[in-house]
Amino acid sequence: MRLKVSHRTEYSYDEPIRYGLQRLRLWPASGPAQTMLTWALHIEGAREEVRFLDQFGNDTRLLSIDGEPHAITVVAEGEVETNDTAGVSGPHRGFAPLWLFEHPTPLTAPGTTIRDLAASVGSGGDLERLHGLMALIQQRIAYVTGTTDSRTTAEEALVKGTGVCQDHSHVFAASARLLGFPARYVSGYLMMNDTVEQVASHAWAEAYVSALGWVGFDAANGMSPDERYVRVAVGRDYREAMPIAGILIGQAQERLAVHITVEQ
Amino acid sequence: MVAFDEMLPAEAGLRRPYEAYDGWLKNQDPARLTEKMRDAERVFRKTGITFAVYGEQEASERLIPFDIVPRIISGNEWRRLTQGIEQRVQALNAFLDDIYHRQEILRAGRVPRELIATNEAFLPEMIGVRPPAGVYTHIIGVDIVRIAENEFYVLEDNARTPSGVSYMLENRETMLQLFPELFQRIKVQPVENYPQLLRQSLAAVRPNGVNGTPTIAVLTPGSFNSAYFEHAFLADQMGVQLVEGQDLRVVDGHVAMRTTEGYKRIDVLYRRVDDAYLDPMTFRPDSTLGVPGIMDVYRAGNITIANAPGTGIADDKAIYSYMPEIIEFYTGRKPILGNIPTWRCSEPDSLKYVQEHLGELVIKEVHGSGGYGMLVGPAASKKEREEFSKKLAARPSNYIAQPTLSLSTCPILTEKGLAPRHVDLRPFVLVSDRIRIVPGGLTRVALKEGSLVVNSSQGGGTKDTWVLDD
Numbered sequence: 001m002r003l004k005v006s007h008r009t010e011y012s013y014d015e016p017i018r019y020g021l022q023r024l025r026l027w028p029a030s031g032p033a034q035t036m037l038t039w040a041l042h043i044e045g046a047r048e049e050v051r052f053l054d055q056f057g058n059d060t061r062l063l064s065i066d067g068e069p070h071a072i073t074v075v076a077e078g079e080v081e082t083n084d085t086a087g088v089s090g091p092h093r094g095f096a097p098l099w100l101f102e103h104p105t106p107l108t109a110p111g112t113t114i115r116d117l118a119a120s121v122g123s124g125g126d127l128e129r130l131h132g133l134m135a136l137i138q139q140r141i142a143y144v145t146g147t148t149d150s151r152t153t154a155e156e157a158l159v160k161g162t163g164v165c166q167d168h169s170h171v172f173a174a175s176a177r178l179l180g181f182p183a184r185y186v187s188g189y190l191m192m193n194d195t196v197e198q199v200a201s202h203a204w205a206e207a208y209v210s211a212l213g214w215v216g217f218d219a220a221n222g223m224s225p226d227e228r229y230v231r232v233a234v235g236r237d238y239r240e241a242m243p244i245a246g247i248l249i250g251q252a253q254e255r256l257a258v259h260i261t262v263e264q
Numbered sequence: 001m002v003a004f005d006e007m008l009p010a011e012a013g014l015r016r017p018y019e020a021y022d023g024w025l026k027n028q029d030p031a032r033l034t035e036k037m038r039d040a041e042r043v044f045r046k047t048g049i050t051f052a053v054y055g056e057q058e059a060s061e062r063l064i065p066f067d068i069v070p071r072i073i074s075g076n077e078w079r080r081l082t083q084g085i086e087q088r089v090q091a092l093n094a095f096l097d098d099i100y101h102r103q104e105i106l107r108a109g110r111v112p113r114e115l116i117a118t119n120e121a122f123l124p125e126m127i128g129v130r131p132p133a134g135v136y137t138h139i140i141g142v143d144i145v146r147i148a149e150n151e152f153y154v155l156e157d158n159a160r161t162p163s164g165v166s167y168m169l170e171n172r173e174t175m176l177q178l179f180p181e182l183f184q185r186i187k188v189q190p191v192e193n194y195p196q197l198l199r200q201s202l203a204a205v206r207p208n209g210v211n212g213t214p215t216i217a218v219l220t221p222g223s224f225n226s227a228y229f230e231h232a233f234l235a236d237q238m239g240v241q242l243v244e245g246q247d248l249r250v251v252d253g254h255v256a257m258r259t260t261e262g263y264k265r266i267d268v269l270y271r272r273v274d275d276a277y278l279d280p281m282t283f284r285p286d287s288t289l290g291v292p293g294i295m296d297v298y299r300a301g302n303i304t305i306a307n308a309p310g311t312g313i314a315d316d317k318a319i320y321s322y323m324p325e326i327i328e329f330y331t332g333r334k335p336i337l338g339n340i341p342t343w344r345c346s347e348p349d350s351l352k353y354v355q356e357h358l359g360e361l362v363i364k365e366v367h368g369s370g371g372y373g374m375l376v377g378p379a380a381s382k383k384e385r386e387e388f389s390k391k392l393a394a395r396p397s398n399y400i401a402q403p404t405l406s407l408s409t410c411p412i413l414t415e416k417g418l419a420p421r422h423v424d425l426r427p428f429v430l431v432s433d434r435i436r437i438v439p440g441g442l443t444r445v446a447l448k449e450g451s452l453v454v455n456s457s458q459g460g461g462t463k464d465t466w467v468l469d470d
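Protein sequences, first through last, are from chains A and B. Sequential numbering from 1 applies to the first sequence in the UniProt record's numbering. Sequential numbering from 1 applies to the second sequence in the UniProt record's numbering.
By construction, these hints were calculated from the structure, which means they are not laboratory data. Wrong hints could be hidden among the right ones.
Cβ pair distances, simulated, as ranges [said to hold, decoys possible]: (1) B:GLN83 <-> A:SER150: 46 to 56 angstroms; (2) A:VAL144 <-> B:ASP433: 51 to 61 angstroms; (3) B:GLY459 <-> A:LEU256: 54 to 64 angstroms.
Restricting the straight-line Cα-Cα distance to at most 20 angstroms, the calculated cross-link-like pairs of lysine to aspartate or glutamate (EDC-like) are [as the list claims (entries may be wrong)]: (4) B:LYS416 <-> B:ASP29; (5) B:LYS264 <-> A:ASP66; (6) B:LYS264 <-> A:GLU48.
A short, non-exhaustive set of chain A residues, derived as facing chain B with CB atoms under 7 angstroms [claimed, not checked]: (7) TYR19; (8) PHE52; (9) PHE95; (10) PRO97.
Built from N, CA and C at the ideal position, the CB exists for glycine as well.
When you get a sec, could you build the whole thing from the sequences and use the hints?
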């Protein structure tokens, strides 16, 4: 499937900025489930300082901001050819060892609620257990925006019982690790059925299954990724894979507006 | 057990390296020496060397006591030491390169994976980074102890941000001022050029593509840091800028410092800020001591950070016990300098042994430094041992234990004349395209009679360290 993506992020400020930085992970790579056809980043109001591959192979850029601009705009857009691999995104690559994904991070540290959840996953083959886990998480966390934020931990979200795809993915990664699977967080896009406008960028989780490699699980939607998904960045949790993260020095207040379209 | 005295060992008489000094000392008027001791203290007060001691009610600034009797090492002894040190720092850098790339040593099962995986000093953000010349740890302070004529052991490898080199330099400076005639009688190898060597060494690992003289700066956490004096001193001696995080920002793809003529690019940053505080966008978000985005510039290859982030994984006390394996794995040779036998309390058999022999062992925190949080079994009271035993039982993997070594002694000048005190040695090693070791180092001395704790934070003092040009 040929997907056309446009992801526009706009930060506006109520006064000039003394100094600020934004780190972008907005450049997808080709892989078993997708081929990048065209991609471009348009940046206004900020300067690109460096571009590099991070420890997980994500194409990353650092932008700086200072002085007059009261707004910066980042538009990532392009076309990606996707195919349905039943969620399989292939063998592990790069220097980051698989064992790194076996251990919790601050956002995915399990508490008693996650431990209980992982313990309640039935027996069976690897994929069966992981699908079981995904179904449990979908039942336990209702998709409700505004009840969690970027600092909410997996444990907090599960206790609360509501959250967004970031929370589902954190809970999945944390639980899968307890079950003995290396697990990671994936940020990207999903073309929701019957709509071009998407409310947000998407996230899901991947678990490493010996026979298959990395396999995706979108617990927010209760399914493995198919040809409607575009993967952009990976990490052990949101903080390591987030599309845009910044730091602002000074008193200016920041307002954020995101506009995403994914269409065929 | 009688400790080996480096000047007057029991039954053997005066050792050769001390002959010339002893000849001079015999002709000195004791009253003049006492006067010199007071002079030394005045010199130190004037130069402003103080040391903040943590963990006391008031974080007081105080002088580290200086003893005017030098610790003397022959040229031959030194050559052997340097071979061992060079082998060790090569292995340390090879280990770091491996750990942040293919991890062959873990695949080979020579170091347990869990030791790295659960270690906070291992920084995933360093995975795949190969700094210029393949050097990760540029400045190393290897702590060495001696227990007999030919027995030297490495106590720890300080591969993160070792301090103390300013004392080495000031100690020599003070001795030259107090006893100029001594240095005419006895040929002592110079240490005074350390700042120039440091500068050359840092310049040699500038980022690829930087032509001409690179710009070097020293990053300090600020004047409240216990080693601030040293940061300022080294910057001054090298003739480079001393900067704080707030002076720096990312400009044109580089880390740059604010100057009167605008921002100036930094090529090599000698940082004395710990990893966790280095970049709030990457590590602790609440840090105000670091430089946001410096890790991005680093991964892009536009700055050299010395020492590299994540080098702590090589000098962790739990990793230390594997150093013989690490040296053999990367150099293909047996270690020239020995390791002290170490019990890892994370292993049940070792823990049992340690609990049963608390009175004989030294027990240290795996991540501790500066002599804090340790138990010296033979010197501890029954109550102290019992309390420590509980801590050990609660978190075994937090501790390692080593035998109480009878560190060599060296005389210090007391009111009653010369008296032996235990010493260790921290030579400073510079690694770039080559390895440079300044002949000497910092000799730390336990001033209390019988004490084995040489840390300045625990009442230790220092001595000038002479390597003879013989």
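Status of each hint after checking the structure:
1. B:GLN83 <-> A:SER150: 46 to 56 angstroms: Holds, at about 53 angstroms.
2. A:VAL144 <-> B:ASP433: 51 to 61 angstroms: For VAL144 of chain A and ASP433 of chain B the Cβ distance comes to about 59 angstroms; the hint holds.
3. B:GLY459 <-> A:LEU256: 54 to 64 angstroms: The hinted range 54 to 64 angstroms holds for GLY459 of chain B and LEU256 of chain A, with Cβ atoms some 55 angstroms apart.
4. B:LYS416 <-> B:ASP29: 14 angstroms, holds
5. B:LYS264 <-> A:ASP66: Judged against 20 angstroms, a Cα distance of about 17 angstroms means the pair holds.
6. B:LYS264 <-> A:GLU48: 18 angstroms, holds
7. TYR19: 6 angstroms, holds
8. PHE52: Since chain B brings a Cβ to about 4 angstroms from PHE52 of chain A, closer than 7 angstroms, the hint holds.
9. PHE95: Status holds, d = 5 angstroms.
10. PRO97: Holds: closest Cβ of chain B sits about 6 angstroms from PRO97 of chain A, inside 7 angstroms.
The structure meets every hint from the earlier list without exception.
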